Each structure stands twice: as C-alpha cells, then as structure tokens.
Amino acid sequence: MNLNRLRPSRATSRALMGLAGVAILWEASARVFDLPAYVLPSVSSILAAIVDQRTSLGNAAAMTLMEAIGGFCLGSAGGMLLAVILTMLPATRRVLLPTATALNSVPVVAYAPLILLWFGIGPESKVIMVALAVGFTVFLHALAGLDRVDQRAVDLMRSFGADRAAILWRLRVPAAIPLTAAGMRVSTVRSMIVAIVTEMLGATGGLGWTIYQAVLQIDFVQVWSAIFVASAASLIFFGTINFLEKRYVFWK
Amino acid sequence: MSNAAAMFRSAALTALRGAAAILIAAALWEGVVVLGNIKPYYLPRLSDIVMSIIAVPDAYITGFFRTMSETLLGFAMGVVVGVANGVLFKHSRTLRELIFPLFVISQTIPVIAFGAVVVLWFGNTILAKALIAFYLTFFPVTVNTLNGMDAVDQRQVDLLRSFGATRWQLLFRLQLPAALPQIFVALRLACTLSLLGAIAGEWFGDTTGLGVLLLQAMYNEQVIALWAAILMSGLLGTSFYGLVALAERRVVFWRSEL
Amino acid sequence: MNKRRTLAVLAASATLGLAALVPFAAQAADPVKATLRLKWLPQTQFAGFYYALEKGYYKDEGIDLTINPGGPNLLTENLVATGADTFGLSGGTDSVMAAIDKGMPIVSVGVSHQVTPFVFVTRKDGPVKSLKDFEGKKVTAWFTGANYVLFGMLANNGVDRSKVDIQPQQVSVTPFVNGDVDVATATWYNELYTIKQRMGADNLRTFVAEDYGVTFPRDTLIVSRKTAQDQPELITKFLRASIRGWRDAMAHPKEAVDAVMKVAPTLDRAHQEFMLTEAYRLMTAGQAKAEGLFWIDSKAIQATEEFLLKNKVLTKPVDVATAFDGRFLQTIPVEERRP
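Chains as they are written, first to last, in our numbering: chain A, 1 to 252; chain B, 1001 to 1258; chain C, 2001 to 2339.
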C-alpha cells in the first residue's frame, strides 16, 4: 500500500493553511476589539455553538441539502436536455433561446415570492427554485460546449454518412462535457444559496429558516453557526461533484 | 449595398423580429389568462400589469435606473477583479492553492446573511449594493478565466516563447484572447448574478430600486405590483444580457477559427 | 505714526468684523443629523413620522432627520445598538427586553401601540368557536412576537399549548383564506384588511388578546444608551416633533396618506387609509388618552416582563424602569402629548 497516498496533497494543505490564517485573524480581532456578539462573534463561540446544537443544525442542514441536491439534479438534467434539443433542432433555437434568456434575466430570487405563492412553503418550492437557478447555468454551459465543436469535423463526419444523432453523440457531447461539467460545478454552491435564500422568505425548516429565526431572536452566534454549517455543506456538495466529474471525465 | 447600410438593415431586422416575438408572447399571456380563467392572484393579465406601471411611472423608472447603476458598477468591479485573479492564479500555483479555496468558501455564504453586514457598514448607498453584486460576480469570472487560460494549446505557448515573447506579451496576445470565449460565458452568467446581488442588496432597508418594489409588493400581497417589478427586472436583465451577448459576438467572432 | 494708525484701523475693523459675525454664528447652529429606522416597509402605520418630516416639524426642532425603512431582514434593535441609526421603531416591548437581555445597550423612550396589535382570526362557520377549540387545530402565528401573545392567551385560559398545532405563518394569508389553516394571526391594521377584503368581514370571528387577559404593547421607540446619556434634548425634541406629526396627521388623514404614498407610490390607497385609522386607534388606547401618545405603561410592561421570564425568553429579569425611560416624554407638557 502506498503510504504516500495518505498524506494530504500539497493543494489540500495549502488550502487548510489559508483557512487557518483567516480563522486566527478572525478570533484575534474578535478578542482584541472585544466585539459584542451581535457585531461579530468569535470563532470559538461559534464552533462551540455548532457542537452544542448539532442535532438541530444537522436536521436543518439535511433538509436544505435535500432541497439543493434535488433541484440540482432536476435543473442539470433539464438544462442539458434543453441544450441538446436546441442543437438537434436549430429551428427551435430562434424561439427558445430568447425565451429562456428572458425568463432568466429576472434574477432568480425575484421569482421566489411567486413560487412560494404557487407551491407553498414546503420543500417543493425550494427544489423548483434551485432547479430554475441551476438549469439555466447548465443550459448555457452545455449549449456553449455543444457549439464549440469544429465545423470541419462535423462536415467530415457528414461526408462519411453520419446522421445528426451520431454527430451529436460521438462529436458534440464529448466536446461539451468539460464546459457542462464546469457549469455544474459552479451551480453546486448556487443551489445551496438559492435554497437558503428561498427558505428565508418562507419555510418550515432548513438552514435559511434557522438563520431567519436566529436573527429575530438576536442569537447571532446561531446565525453564524448556521452559516458555517451551510458553507461546509456546500463545500462537501461541491467536492463530491468535482470528484465525480474527475472520475467520469477521466474514464471517458 | 454599403457596409453601414447592410449592418443597419440586419440590426433593424433583428429588432423587428424581437418586437414581433414580444408581441406574440404578450398576446399569448393575455389570451391564456382570459381564456383559461386564471385567478389574478396566480397570474394577472398582462394589460393590468402594464396599467399599474403606467399609473405610477416615477417609482418604476427611478427604481430601474437605480438598480441599473448598482448592477453595472458591481459587474464592472467583478469582471476586473475576476480576470485579474484568474491571471494571478494561472501564474502563481502557490497563491492559487492558498486563496482559491477561500474564494470557494466565500461563495458558500448565503448572500442574504452577507448583505445585512454590508449595509450595516456602508449604509444604503449604491456602493453597498454594488459590493454585493461584485461579491457574486468575481468568482465565476475567476474560474472561467483560469479555465480558459488553462485550455490554451501548450504548443502555441511554446511557439511564442521560442520567438522570445515576454510574459506580458504571452498574456495579452495569446492567453487572454484564447480565454475570451470562456470568459464571455462567465460574463453572460455574471450579468444576471450582479443584477441578483443588486436586487437582494436593496432588501435591507433601502428606499428606491426594483428590489424595494419587489419586496413591498410581496409583503403587501399586491400580486400585480409583484409581476410589475418582475417584468421591470426582466427588462433590465434582458437588456444587460443582450449588450453582453452583442459584445461577445463582436469580440469573439474569430472563435471558430481557432 | 502712520503704522500705528494702520494697525489701529486694522484691529478695529477686525473686531467689528468678528462682532458682525457673532449673530450669524449664533443663528447658524447646524441642525443635528439623525435617522429613524422604522420596523417595517413604509406604510401608514408610520404616517405620523412621515407627515412630521414633510411638514418640517423635525427641522423646527433643529433635527435633520432621515427616515430609513425597515424590512424582513433587518432588526431595528441591532441597527440602533451599533449606532447605524439614531432612533428606531422596533418590534415591541418583548423584542426590546429580549435585546437588553442579550446585552444590547438600548433603551426605550416611548411605546407607540398601547394595546396588542395582533388579533387571531378564524372563520365564523368553522370548527373553532372558543379558545378551547384551538386544541387540535392548525394555528399559524409569526414567531417574531405574536407567538408570545398566543402562548399567553392559551396559558391564561387553561388551554394546553402542546395540543395546539402552532406553525410559523408565512407572508401570505392565502393558506388561511383557502381553508388550509384554521386560525391565522393578523394585525388590526394590516392583514385584517386583506382578510376582510377576501373573505368578507361578516364571515370572521376574532380572538382579541385583551379579552383573554394578555396585553403586549408594541412599536417601541428606542435609542442607544449613549444617545440617552449624551443627547437627552435631542430625544425630547424628536418626541415632541413626532407627537405633533401624529396629531396633525390624524387631523388631516388625507394628507398623511399622501405623505406616505409619496414615498411608496405602489401602495394600495384604500388599504393605507384603513391602516392609518386602525394604527391610531392602537396608539390612543388605554392610558394614552389621558397621558398622551407614546406613553409607557409600566404595569402592562411589567406583566409582559414576568411572562417572558416565565417562558424562558428572558434569561434573567429585566428592570423595566431602566429599560423603558419615560423621562424624555415627561419633559413635554401633557397637553401637548394628548391625542
């Protein structure tokens, strides 16, 4: 067994160093300036609160993660499908691309009140919001990826008698994968944020709801604890997708 | 036909096509609501929405321009810093490994929690909203600049180097231009994000802006005003996006040749 | 000799010049800059302040006031405590005491709504006929203060809170209108209007807190302890101008609504007119009729403090006398304070 594998890579250790640096700076300022909790609580008190409230924070995190992952999958699938449709049927492009652009030019949070009205304050509304937000990003990236293929290569395949579907599958899709994957990577974090922001406008649970309640109860340590947990959850999500993408692309 | 006339003609045709599309969509909206007998609480008639905007034009116009300035400022800052970061990270592996993870983490903090702090520090100024817009914009631009530069063909780099090109020449003549297509993908995404940041920023006790109108409509349960604010935001977003897309077409016209 | 004369002339003119400036210096005392942070988005619940601003009452008192709206993501206590705003109109006696309990250096100088602004609404023909019927039903409330009113009402009347399905209430009253929720919370001046409009006033049954032995005064005017210590005259001047604004607003309700509509043109006028009347009713209830607007009813607040302490909202007792300082109000003669 290669023991070297167990040592953290240089990149990871550097990242941890950067993180530690920020944490130390934060703790120092909070202590030196004796900042009250409602301005900026110390890192130590936040970490203590996280351990203390781990069950409720854990439940909230689970709920938000489920909403985010659900919306992420829905949105990614939808975005990729739409991009494929636009490439296979160029006629639809003229109509669908401006429509999608117009729909998405409204910032996604502006739709939140509407979606909450239509679907209530349960998790479904958050899943739909996330799907909306993720869908367009992935769509944009996938479309750019499918488009960037070299026209000469397309002509070459055509001259060999390949039909549209074959060109799509063998040429465009492989070329589109890196960009689509990039789009999905960027969207992971957005999905958590959209879920949280929507929860703050109306929810029965989740991290956004926790933050909202905590602000009103003037419990800023709780606010920051929820933010830390949200951060951590987003990173785990991001890391997982990153990891999956590396494996899949490598295999491809 | 001269070049200018041809350009004008094609621009006019695109505008006409766009206008026609909008008219058709508007007619469809009105038709669906009236024929489908949809309750105005869920989807009001487009005519009602437009009438409500015309009734109080000042609020919407001032709001539009206020939000627009916040968005543009934040976008500009985000693009400059994002590209600069991308270049920086390309050249320094150490910095990339130290700081990039911090960027990633910073992006996981929900905008709303951050917004409260920003407004506390900077008040209800255009700068405060622009900062939130900047916060959302710089990261995708950084990522895509980096990716775009990474994707440059190493052989071309070697070729230029063999001709004695300096780092700066390499950057401005090869790497950045080659990264432009990918940067523009991020720009198209970023323009929506900066608008989002501006609007969310206005939710913290501001007096003018499309975000303010949105919030007021939501909490006063005025569905028509809500849709009016959504439409105006859409208008702002579409125009901005269109400008960026136009710029992309101009700048990246040679993309297929590479 | 010439030099001395020149010097003398110069000295004389300098003195004359300075003397001429003195009256200017005395007059040009700069108005004090201050801000008022409201507890919510602009609406006629705050009409008196907007009216006073428009009519220049604050300027008359030497205050250059800016009114900053509140909103769902802002906590007025926080903004006043950190000095971002001079004055704040905050949630209520409950939120003020909770903030003080958490160590925020604020103090309340006036209470706007003398009685509970919340009311619980249900369908007249529905299953809930009395407070006891709340058991087993779905009740929505805002967990920003209205929930305590509900808890108090239930506790005072022997209704088991754990048997009631209390859920957080969302922004819209639609779930209640649609029948998904049995009992909803409303404010007399805001949501009740919407509910009445959509369901018809005759179809509603209301549960009023005061009928069940609970009073939660709300809309508290707060300042930081520093302001109270360093600028007491500013507070008195602000109170005087605000009371004047509210009295005149009620004498000219149309103009008062206009003043607010100017700030938020997309509001529904009929709703705002209703809100103004109702808000003023809350402001002039109880002891305010005799003692004036923004009166601090120490007995009612003491009862609230004990209730919050019992329900563990406060971790330790709060001294109502120091938390709610009526001195600034009392410097204004009572005839000027009466509605």
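No wet-lab data here; the hints were simulated from the structure.
Computed from a predicted structure; not experimentally measured.
Virtual Cβ for every residue (Gly too), placed ideally from N, Cα, C.
Heads up, a few of these hints could be off.
Away from chain A, derived, C-beta distances all over 12 Å, residues of chain C [said to hold, decoys possible]: (1) E2077; (2) N2078; (3) D2101; (4) G2103; (5) Q2167; (6) L2204; (7) Q2302; (8) E2335.
Now the in silico label distances, taken between C-beta atoms and shown as ranges [as the list claims (entries may be wrong)]: (9) S44(A) x K2312(C): 23 to 29 Å; (10) D2230(C) x A1076(B): 48 to 54 Å; (11) H1091(B) x R93(A): 47 to 53 Å; (12) S159(A) x L1159(B): 28 to 34 Å; (13) G239(A) x G2158(C): 40 to 46 Å; (14) G2158(C) x M66(A): 54 to 60 Å.
Far from chain A, by Cβ distances over 12 Å, these chain C residues were calculated [unchecked claim]: (15) K2132; (16) W2142; (17) T2174; (18) D2180; (19) A2251; (20) E2273; (21) L2309.
Going through the hints against the structure:
1. E2077: For E2077(C), whose nearest Cβ neighbour in chain A is about 7 Å away, the distance does not exceed 12 Å, so it is violated.
2. N2078: 6 Å, violated
3. D2101: Nearest chain A Cβ is 9 Å from D2101(C), so the label is violated.
4. G2103: 7 Å, violated
5. Q2167: Q2167(C) not clear of chain A: closest Cβ-Cβ about 7 Å, inside 12 Å.
6. L2204: 22 Å, holds
7. Q2302: 22 Å, holds
8. E2335: 38 Å, holds
9. S44(A) x K2312(C): 23 to 29 Å: 25 Å, holds
10. D2230(C) x A1076(B): 48 to 54 Å: 42 Å, violated
11. H1091(B) x R93(A): 47 to 53 Å: 39 Å, violated
12. S159(A) x L1159(B): 28 to 34 Å: 31 Å, holds
13. G239(A) x G2158(C): 40 to 46 Å: 54 Å, violated
14. G2158(C) x M66(A): 54 to 60 Å: 40 Å, violated
15. K2132: 26 Å, holds
16. W2142: Answer for W2142(C): violated, closest chain A Cβ roughly 9 Å.
17. T2174: 7 Å, violated
18. D2180: Since the minimum Cβ distance to chain A is about 8 Å, D2180(C) lies within 12 Å and the statement is violated.
19. A2251: The claim stands: A2251(C) keeps its Cβ more than 12 Å from every Cβ of chain A (closest is about 36 Å).
20. E2273: 25 Å, holds
21. L2309: Given that every Cβ of chain A is farther than 12 Å from that of L2309(C), nearest at about 16 Å, it holds.
In summary, the structure is inconsistent with hints 1, 2, 3, 4, 5, 10, 11, 13, 14, 16, 17, 18 from the numbered list given earlier, while agreeing with the others.
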